[in-house]
Every structure is written in structure tokens, then in C-alpha cells.
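If you want the building blocks of each chain, they are given just below.
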Amino acid sequence: MKIIKYIIFGSILLSVTSCFEEFLNIAPVSDITSENFWDSEESVRAELNSVYTHIQSAYNGNSGANFLSWFEARSDNFCGTVKSNEAPLLNVSLNNLNSDMPTTNWNNWYSAIKCCNYAIHFLPTINNISQSSYKSLFSEAHGLRAFIYFSLLKIWGSVPVITEPTLDVAGVEYPTRDSREMVLEQIMKDIEIAVENIDITNTDVFLLNAGSIYALAAHIYMWADDYEKAIEMAESLDALKKYSLVNISEFHKIFSQSSTAENIWSLQWSYANNRTNYIVTGFGAISSNVIVSNPMRQIWLNEPYFSNDKRRVLSVDITRDPLPSNHLSVVAGRGGCIKFADGEFAAEGNESTWVIFRYADIVLLHAEAYNRLSDDAQNQREAVRLMNLVRVRAGLAAYDYNDFSIQPDVQRAILDAILLERRLELLGEGHRYFDLVRNDLLEETMNEYFDTYYKTYSSFEYRKFTEKYMLNFPIYNSNILENKNLVQEGNY
Amino acid sequence: MLILLLLVVNGIAQNIQVQGIVTDDNEQPLIGVNIQTREGSLGTVSDIDGKFSLSVPQNSKLIFSYVGFLSKEVNAVNSGVLNVSLTPINQELDEVVVVGYGSMKKRDITGAISSLNSEMIQQNAPIDIASALQGRIAGFEVMSNSGEPGSGSRMRIRGTSTLTQDGASPLFIVDGIEVSDIEAINPNDISSIEVLKDAASAAIYGSRSANGVVLITTHSIKNEMQKPEINVSYSYKLSQLAHKMPQMNRLDGLNYIQIREYFMGVEDYSIVQDSLAPNRLYDYDYQDILFRTAPTHNIYASVSGGNTKLSYFSSLSLYDNEGIMLNTFNKRIAARSNVDYQMTDKLKIGSRISFSNRKIKPSSYAARTYLKRPADYQMVEADGSYSSVMNNRHNPLAVLMLSDEKKDNYDINYNNYLEYKFIEGLTFRSSISANAFLNEYHAFYPAVLSRLTPQVRTSVDQKHMTTSWTFDNVLTYQKIINGHSISVMGGIALQSVNYRQVSLSVLGQPVDAAPISIGYSEVNQNGTRATDTSYRLASYFSRLSYSYQGKYLFNTNIRADGSSRFGQDNRWGNFPSVSVGWRFSDESFMDWTYPSLTDGKLRISYGRTGNQTAGNFASRSLYTSVYYGDYTGLQPSQLANDNLGWEKTRQYNAGIDLNFFKGRLMLTFDYYDKETSDVLYAARLPQTTGFSSSYKNIGSIRNNGFEVSINTENIKTKHFTWNTQLNLAKNKNVISSLAGGEQMLIDDLYIVDEGYAIGTIYGYKKLAIFSYDESNAFTPDGKQLTPVFDERERFVKHTLDGQDYNGEIKQLRYNSATGDVFKGGDVMWHDKNGDFVIDVNDKQKIGNAQPFLVGGFTNNFFYKQFALSMFFNFSIGGDIFNQTEYDRSNHIWSGITKANPLNVYQSWLAPGDIAKYPKPDGSSVVQNTRRESSMWVEDGSYIKLKNIRLRYRFPRSITSKMKIERLEVFVQLKDFFVWTNYTGQDPELGEGNVFVLGYDNNSYPRSKDMEFGINMKF
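For the record, the sequence lines run as chains A and B. With this note's numbering, letter number 362 in the first sequence gets 362, and the count goes up by one each step, no holes. For this note's numbering, count along the second sequence from 1 and bump the result up by 10000.
Don't take every hint at face value.
[Said to hold, decoys possible] Cut-off 30 Å, straight-line C-alpha distance, at most; resulting in silico cross-link-like pairs (BS3-like, lysine-lysine):
| id | chain 1 | residue 1 | chain 2 | residue 2 |
| --- | --- | --- | --- | --- |
| 1 | B | Lys-10823 | B | Lys-10718 |
| 2 | B | Lys-10810 | A | Lys-455 |
| 3 | B | Lys-10406 | B | Lys-10823 |
| 4 | B | Lys-10845 | A | Lys-484 |
| 5 | A | Lys-484 | B | Lys-10832 |
| 6 | B | Lys-11008 | A | Lys-484 |
| 7 | B | Lys-10832 | A | Lys-464 |
| 8 | A | Lys-455 | B | Lys-10823 |
| 9 | B | Lys-10823 | A | Lys-464 |
| 10 | A | Lys-464 | B | Lys-10810 |
| 11 | A | Lys-468 | B | Lys-10810 |
Think of the hints as simulated: they come from the structure by calculation, not from any bench.
Next up, chain A with everything else stripped away, as it sits in the complex (with noise of 0.2 Å):
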């Protein structure tokens, strides 16, 4: 008897414990769990969507300090106003770069990665799929990767280089740096991929598209010296025959609505989802967080400049002209660059868009990608060609090549042009500290600037570049706090 009562007592606890786990069991409803996510292409495309989501969010950063202190106030084109905690722009000015600033995070752009990774990584497991669509998604991951490891290249230099997602924790690395050489490998690798698998029918401006693939092809085999493969990537662009340069009259659109026959790739804006493009007004004329320096400024109060150049106007905020001797140390509020903004004032709640590629940065580029070439007159020609597309636009008179030929070094001057006329056209674009650090000039040119400019309007202790680790950024503290195995370079 007493064992039958057990048994009956045994088999209702099982049964009571099996319903247990059956009742534990629920599925989710509004979280999306990777189980039954990745079941067609729509899905990898909004996993690429979230890669510029990141995009924006590493440019936006900080209220738009993080575009400012990467590209910009770390150029001798602008000078950093403010020295908050969240915007220390004065000292990456003054190249007082730390680990402390907010703006050496690279969050957003790990961020990134990881979706580019994931999409990579489930793109095969996608079986209704046709062909195009394939290649068209694998082309775009690749040349978001390639971009955004382009970006972490030019900002840290040398940093991990992951390629595979994390999909659980027990999958979770602590890498350390890899060697500039070996992120620059694998940029070549992804764009290499992206151009292989091109979709010249994607032409959404707000997304990489095929024109902008070859854009970015062009300038990292720029930045690889690969100046053969640099033309031939401006070429493909040319050839796909939609992108021209503007009538001045039509500048600001470019910027500002990114609608024009100029513009290749930009980044989109909606104050709704995204807030305020905090890059234009921190830009912006009005209490801006960076001005525009008075040596830049100073060439266009010269001729031809003063009275030809029609983006002088468009540019910068000439009301301030000549800014007064204690400009540095006092910020009276105005001295910015108007370019972005439509009009000179740039509203809270702006929601312009943001250029990354336009035509005429490649125009210079391919002609920058000639006078490197090889030291003969025919690409030299070709260059000042190609220099003048972009001079001429702007009201200038053109070069002619005898002007450079008379000179002891043809090719530097010709460089030395085309590097003052990317200054003066993409001002505010993120390309002058680029440029100098491309063509290996960055050192002389900063410290002069630092021992002319800052020595003379201000009591800053600016600090000089001696070193190569000083191009690029220290790693953000908290980083190396998380993984132990990142190393800073230098004296950062």
C-alpha cells in the first residue's frame, strides 16, 4: 500500500514538474532573438542600415566634437574654442591630445563593425536570395568595413582588426593593436571585394553606393601609394558618367541637401530620429566651437583670391575679417565656417546632411594621383587639367603648366597647388589633416603653424609634432580599462 501511495505521490510531482518546465518555456514576442531574424535579405539590409546609424553617431558624437576634433581642429584650418569636458577642442588645437578626452572613444565605430560582420556572416545562410541582390549586399558590407577601418586607420592608426562577429559571450576576444600596416591589408582586402562585386544600380546618395565605393577606392589607394590603381578608381567614377561639378550658384546645396549632380555619398539627417546635426553648428557662425584660422582666412584676404574666389563668401564668416589680435584667447562668439549651414546661422535642430564624398574632392584627387604618378609632364599636365575643373568653378583663372614647369621642383609645387586649392574647396570636409599626412608634410607644416600663429596671438603651450604616434589619436581610457591587452602608443 504504502509503496503505491509513493508512486502515485512519486508521479504527480513529475508530472507537476514537467508542466513547470513546459510553463517556463515562453517565446518572445517584441524582442527579436537571432533565431528567426535572419531569414531574408531585407534582413541584412537593415543590419546595414544600423551600420550608419553607427556612422552618424561616431560624426555626431560629443555634439558633433568627435567630427571636429578627428578632421578638423586638429588641421591648421581651424582653431577649437571650447574646452569643455565633452568638447575639448582648444587642446586638440593645440595637439594637447589625452586619454581622457571623450572624443578618443571609438565606440561607434566597433559599433559598426559589428553589424558590417554580421551581415558578412549570415549573408550566406540566406537561401531565397537572388544573385544581384547577394553580390549588391556583400559589395556594400565590404565597403562599409573598408570605410570605417579607413576612418579607425586615419584617427588611431594601428588598431584591432576584427573580421568575425561575437555571437555569444563565451566567444567574447580581448585583441591588441594590430600594425597600421596589417589594418591597411585588410582595407585593401574589403575594398577589393567591394569593387569586385559592384552594383552600379545602387545610386541612393545616402548610402554607399557604387560611385562612392570607387571614391573610397581612390583615396585608400591614395593613402597605399598606389597612385595606378588611385586613377583607376577615379576613372571608374568618371565612367559612370553621373557625376559633374556644379554651378557655384548651387554650393550650398551640396552641403545642405546633398541633391546635386556633385554629390556621391552622404550621410542623411532627420532631427526626429537623429537630433541635431551638431557637426554644422558646431560650425556654425554663432557662438561656434572651432573658427576658422586667421592664416587660412589670410588667403583669401590675398589676390587673386580676394576678389575671384566666390567661395570665400560661402565659406567662412567674413564679418569677422580681419579677426582681432586676441582671438585665440578670447572667444567673442563668431568666426565660423557658414558653409554647411543655409545662411549664415546654423539652428538647433539642424537636419542638413553631411558630406563624406563629393565630385570635386575626387577631381583633386585624381589630379593629385597624376603630379605622384611619376615625375613627367604629361601627368603633370594632366593634373593642372584636372586642378583648373575645380579653380574654374570657383571663378579663379586657370593654371597653366608653364606656371609650375619654371619651378626648381615641378612636382612639389604642382602638389603644393593642388593641396591649396583642397584646402580652399573642402574647407570643413574633414580632408586637410589627411592630406598633409598623406603627403608626409603634416610635421613641418603644423609646427610652423604652431611656431608662427599660436606663439604670436596667444600664451597657449601648444605641443609640437616630433613623433610618429602623435599623427593619430591615444585610445580612449576606458577601453584600454576593459581590455588590458590594448597598449597606448607612445607618451599618450
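Once you've looked at the hints, dock chain B against the given chain A.
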């Protein structure tokens, strides 16, 4: 609402007639005392003078019973008047306390349980449970979040033992049901609150009990003859700003701009002096304008009663609280109904139903930044409309009056139970309870409040509903054989919780006319979404209690919980506990202590509790939406972690209860040591994975400390009584290991790392302000040199200890060996590593927000009809990070943000100044006013006279004529007196997550209140 049944059984003739009066200890007559014969067949109730008359058979025994008093058995006598005096229960040792899934005699408790009865709860006429509990129970810390109406409180039992954002609050159980919102409960409805502090007591609640358990029992009436009792009370409160902060007026503000710009090198002040702009000609005292004397009404009514079969309790309350800031309020209506019905001798059923609705109009953060706004900025235009944002400074008046922000919460709880007694001692109880919590949030910001150009209207509409049900089945067996008392309990429980939310966030409405999400031009996609998520819990539990003659006590329980939140392999957790008690005062060898030691008990317990506060699908890989312009993205947001499991807390407790001189001096002491392991922690991941954190079971946290509570009856005479209650608690908290997790800085300020307490403030330590440029001079081993100047203030030499110094001189530099040298008026930071460079490596602990000692001290005086009580609450040794002060006195942003005038008076202004603060320099490149520094850390110790209350109870001779059983009036002052060195608004701070403690960020200021009230009982 309720149909009440009164069964009055009349006496039978030819018996003896018994007459008498029932009184309490103080010889006050008791009305409505139930008087029955032992057989229960005959009975009556005492009248308004406490008199009764009953005819009963000879030699029968009468049982006198009354709520809150100990029942008494008296022989029926025929002659004269029978005077019966009843003793209140709370003075007795046979007091019963509620424990998980049952109750126990307080005598037999072996864990650390503190309890409050309704009288203690009512002592300061609290409006919610948090204020009823604050400072009352040793080891239970309550910090109200702010003075904002309906803003809630932070509660901790024995310190913080977890690292999850919202997993540190105790579990609240009301009449056996887990509730999430205790704000809605009216303290008047409560008959007792038990706080289960040690693991042995709490472990019966298993995975939800790691932070302690608070059991709340609402009034219920015994199933015996009761005449209906009606309680009505009303109180009226006036509140005012408790502490006005110093703020610059217009002229101070203009001077401040001059001082600031002088240090920035501006030579020409004329521009800033030009304040002829018509919208900058004002001189407001914002605190006088934005604050008011606010009234609060509180009305409460309840009715209760019953007979041997049926009993009921029902209440309704209305609470209307206006905030001291304009146009803020909290209104609450709450109703409760408790019914118990003894169907047969064996079967009893009952229900507990409660409903509440709260409407809250909060102040928004923008309205609370008035301290930063210049006094001369316009608030109202000539045409009477509100001025819009000026230079990014919100118009606080416009924000308060026009921001249409409101919360509307509905909370419904329903519980039905069935109790069946198989045989004497063996009872089965099954209950099912359901809860629905609906929360509506609405906000609309009209154009004038927009900071954007052009101005944009925005609105948010949200509805969220949490529904849950719980099914409990408990079997209990109790038996007493020859002094051996045994009780066994076992049960199973199922719980299911579902959370759904719909929210809408839009912008760009064309007009202010319809203050809701309609006619918009854009949608904020991040804020427009629906959520539907759930979790479930399945449990077995059991308890065994044994005691021998109340002298040797033993309790053990175990609970197994399965949670849907964890991976299938780690789903179940076991939570055992054991505790023993020894009543040594009953031992014969302790006879010598008689009669001074009335009772003495030693208690020792050990138990393991758990915590499951991770996300609902914490172990799975999840994706979330992000938006880029017009494009919608989905991206991985959480990494899968199949090994994720329970957080476990083991706790030892040793305590002693001493009762001297029959309750005149009662002392309880507890020591505990609590260690939480496998802490659920959103551990940081290397960002190179693309994920910032993931839930892991990491490391351990230790809390240990002691609690003392001393209750004394200092004077007790016929007319005058004075008693005091003192409780003290000291807790030491430390993160004892963080294996596999890395150091983390929360908000760049609070460090989470091995060896640090939670709430440790981390940053740069200010030692002094350099008086002269030449003061920044040190010997190579770090001793500061003293500069010497001649009569014309020219630097001559450095001295060290009075001797001329000619050796090597080192200077502190900012950030790098080639960085800026600190000058006169700059801060001398502590150079921790001695390299003369102030950088990240010099960061250190600069404060600990956790107090050293907290407690409460109550004094009650009773003189005839008067009662006076004073309740002090104190917290000693906690530090506060004064973000409010940093915000306005950092000088960085612009001269528009006005510093605290007291800060500027104590700042360095000229060489030689020995100052508290650095020079007010807006362009300092050496970050003198950096945020993560000890300059903004202050001692937050305080003693508050939380309330002082005078009550008058009308003599019965008066009230009986008015047919009122009891009539009381009272007046009280709340928060009128605070002793503290803290310079901010108020040192009592609640808000913030687990890590961010003692963080003062422009919170809604607290009020001081004066309250009048009247209580009536019929």
C-alpha cells in the same frame, strides 16, 4: 458597497445577570468589546461607556475580546460590577508576526524580523509607506527621491548587494501578493508591516528575496462579534520651500561677468555691460516666484465589523497634494475591501481587493534649472504671454505653467483565497491573485518651450500595462505534544508577469491648440514603438519549525525557483536556510536575573537568497531597432549567454533580544554578514566586439554590519508616560571581487571595482588653491616650498621649513610633462603618483556616498489627553556629489550661467589670496573646475527632526455625548529642523540607479510642512 450582516444572539432567561465595565490600561472605557461565553452561544458588546450587561448560565466563563487587545477569560459572577481591564496586544510577548506563507509568535522568531504595528505606522500621519518606514527600522534605509509630488523613494535593507540597475529594492508583498507600486497604498489601511532582513527569514521567497522582503498586512477583522467601527480622518497641510538657495541678483550677475572675463583676458567690458536690451532689465528672485505655499488635503474613511461567520473591512481615501513648485501636484484615490467568510467549520474563503488611481503633474528638469538662469532675463512679455528660451536658458515659469506633462496610474489588485482545515492543525490554503497596473504618460511642449529655431512643438503619449497573476498552494500542519511544538509547511507557486507598452513620440504640430499627438509633421521613430514582454516563475517551498517549550527554537526552509529568464540549464535555483534560537532566560541557571530580565533570546541564522533581476530574455541573443535618417535598421543589441544563472546571496545573522523590567527596556542587537556571489552584472565587454556590455554572473559583494534598536519606557505614571525608541545601523559595503569584470566608471564619477564600496566617488583630489604663481614649487620628493616676496610684492626666494631652498624645484603640470604649469589661483591637485603631472593616474577615491551610521530616534510623551512625539532621522558620514553646484559654478560655459555667489566670494581673485575655490576663469586650460573632483564633493551627514506632533484626545465625557468613541486632533511640523553642513538643497537624496548614490542634480526641492488633522472613530 458591502452588505453587512450583524448577527446578535440574545441571551436566554433564568440565568444570572452579569454587569460590568471594560476598560483599557489607562482606565478608559472600551467601546464595542466582544463579550461571549466560552461556548460561544451567548454574547454582547460593550456600549459607549464600556458598560455591558449579559445574562448567562451560572459558573460560565466570559471571554472578552477586542481588536488590538489581548483576549481575557473571566468567571461570571452574579453580584456587583465586574471590572475587566484589557491589555493591548503590542505590549505582550504573544504578539504574532507575519512571516512568509504564514505567521509566528514573535517569541518564536529566530531570524531578524522587525515589525511595525498600525499605531507605530500612524505615528507621523504618513502619506505613503516609505514615509511610514523611514528611520523606524534598524537596517532599513529609506531616502525619498525629492520633494516632487509622487516622486517615490529609494529603499535598501542592509545595504546594496547587487549590481543590476533596478535589482536592489526589497520585495514588497501585500497580503501575500507581490506588488511593484507601493506608492498607491494608504498607510491607514495597514495593520502591520514586517521587514524580513536576514536570509533565513526571507529565503522562503527564494529568487526575489536577496534584498530583503517587506510584508504588508492590511486590516482584517477576526471572525467574531464586532459592532461596526467607522474611522474618519482629515488633515490639512501647508508646505513651503524648506531651504532657499543663494542666487545672484542682476547686479551680482553683471559683476560676475566682469570678474570672469577679467581672468579670460577681455579688456573691454563695454559689450557685456550693455544690458539695455529690453528683455534683460529684470531682477527676478526666481525662488520667490516659482515656489508657493501649497495646501494638501487628506481624507480617509473606513468601516469594519463582522460576526462569527463574516467579517469585512473597507476603506476609501482621497489625497490631494499640491507641490511647492507652481502647477505640480499628486492626487490619489484609493479604495480597499477585505472580506473573510467562514463557510463551515472547515472551510473559509475570502478576498482582498484594492484599487487606486494617481494623477501626477511633475515639474520638468528644465523648470528646475532656475539657479543657472540670470536674474535679468525676461519671463513674461508685455502682452502677458511667456517669453521663450533665451540663450538656451529655459523660462522656468513658462515650463511650469505650459508644459502639459502628466502621469495617470491605475492599480488594481485582486486576491481570492480558500482555506480548508482537514483536521485540527492541518490546513490547506490556496490563493489566486491578479494585478493590473496601467500607466499613462502624456507630455506636450508648446512652441514657446522649444529651444530650436524655428520652434518645434513636441509631444509624447505612452500607455503601459503590467498584468500578473500568482497561484499559491500551501499545506500547513501544526502539532504540540508535551511542549514539543512542530509546524510543517509545504507549497507550490506559479507566477506570470506580462508587460506591454505602446508609445508615441511626435513633433511638429502646427498649433498649440490641441495639446496631444495629432496633426504632427514628423515622428520620432526611436520613441514610437510597442513592447510586449513577459517572464514566469515556478516554485516549490517548504518550512519546518520546531520548538521545545519556547526555549529551544529551530526553523528551516527551502525554496526551489525556476525562472524563464535564464538559460534552460541554469533555470532552477535552490534557496535553503536554517535558524536556531535559544531562550536562555528560561533556563534555571538564569534564575538569578529574575525579575529584572524578563526575557532573553539568542538567535543565529544562515540562509541563501537569490536575485533574478536581469532582462526578461537575458540569456538570448537579441536585436533592436535603430534609425538613420529615413532608414530603419535592426542590429544585435545583446549577446547570447547560455550560462547565465542566479545571483546568490548567503547571509549569516546573529542576534540577541533582551527584555528588562517587563518591557520597560527592550534591546535588540543583530550582526550580519552577507555575501552576494555570481552577481548579475551588465559586465563591460571590450568595445571591439561592438557590444558595450552583457549580463554575466560576476564576482561578489559583501555587506556586513550591525543593527541596534532600543525601546525604553523611561517614565510611566498614571498620567504621564515617556518612552523612546532608538535604532542604529551601520553597514559596510565592498565589492569583494569582480572576477572577469573590469573596472567601470559610471557617469565618469562612480567607480565599480574590486575593493571599493558601491557609491565610491572617484576623481581628482583638491588640496588647496595656489596663492601665487610661485607657490607651485616643490622639492623632488614632493614637499611644497613657500615663496617669499619683498615689500613690493616681488618674488625673492623659496623657503622650505623656514630655511632658504636652493635645490631642484619641481612644478605641477597639467596632463603631460610638457603641459601647462599650474599658476596662482589654480587648483593644487593631489599628485598621487608623485610624477608632478596631473593626469588620469592621479585619480583616486574622493568620497563614499554610503553613510557610516544611519538611524532614527523617537520620543513619545503622553500626559493625560495629550501626546507629543518627536522623531529624528539621521545619517552620518555619507558624501554627496553636488552636481547642481558644479553646473552653475564651473565658470566654463559662459557668463550667462551665474555661479553661486557664495562660491565667487570664496574664490581666488588676486595673488596672495588663500581661497577655497580657484579663480573664476572661463578659459582655464588646466581644468580647474573639472567635474570629477573633490571640489564638488561634500559631507552629506544630517540630523533631521522629521516631525514633531502634538495630539489631543478629547475626554470620553465629552465625546460620548457626541456619540463618538474617540476624537483626536493633532498638529505637526514636518522637516522643519535640519542640522547639516551640506550647502545644497537637501542632503537626503534618493534618485539614481544602484551605482549613482548621493548625486544631487537639480532635484525638486523639499518642503517643510505644517499639518493639522482630526481623527474620529465611531
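Now for the hints, and whether the structure bears them out:
no., hint, in the structure
1, Lys-10823/B x Lys-10718/B, "73 Å, violated"
2, Lys-10810/B x Lys-455/A, "25 Å, holds"
3, Lys-10406/B x Lys-10823/B, "51 Å, violated"
4, Lys-10845/B x Lys-484/A, "22 Å, holds"
5, Lys-484/A x Lys-10832/B, "22 Å, holds"
6, Lys-11008/B x Lys-484/A, "51 Å, violated"
7, Lys-10832/B x Lys-464/A, "28 Å, holds"
8, Lys-455/A x Lys-10823/B, "19 Å, holds"
9, Lys-10823/B x Lys-464/A, "22 Å, holds"
10, Lys-464/A x Lys-10810/B, "23 Å, holds"
11, Lys-468/A x Lys-10810/B, "29 Å, holds"
Checked against the numbered hints above, the structure breaks hints 1, 3 and 6 and satisfies the rest.
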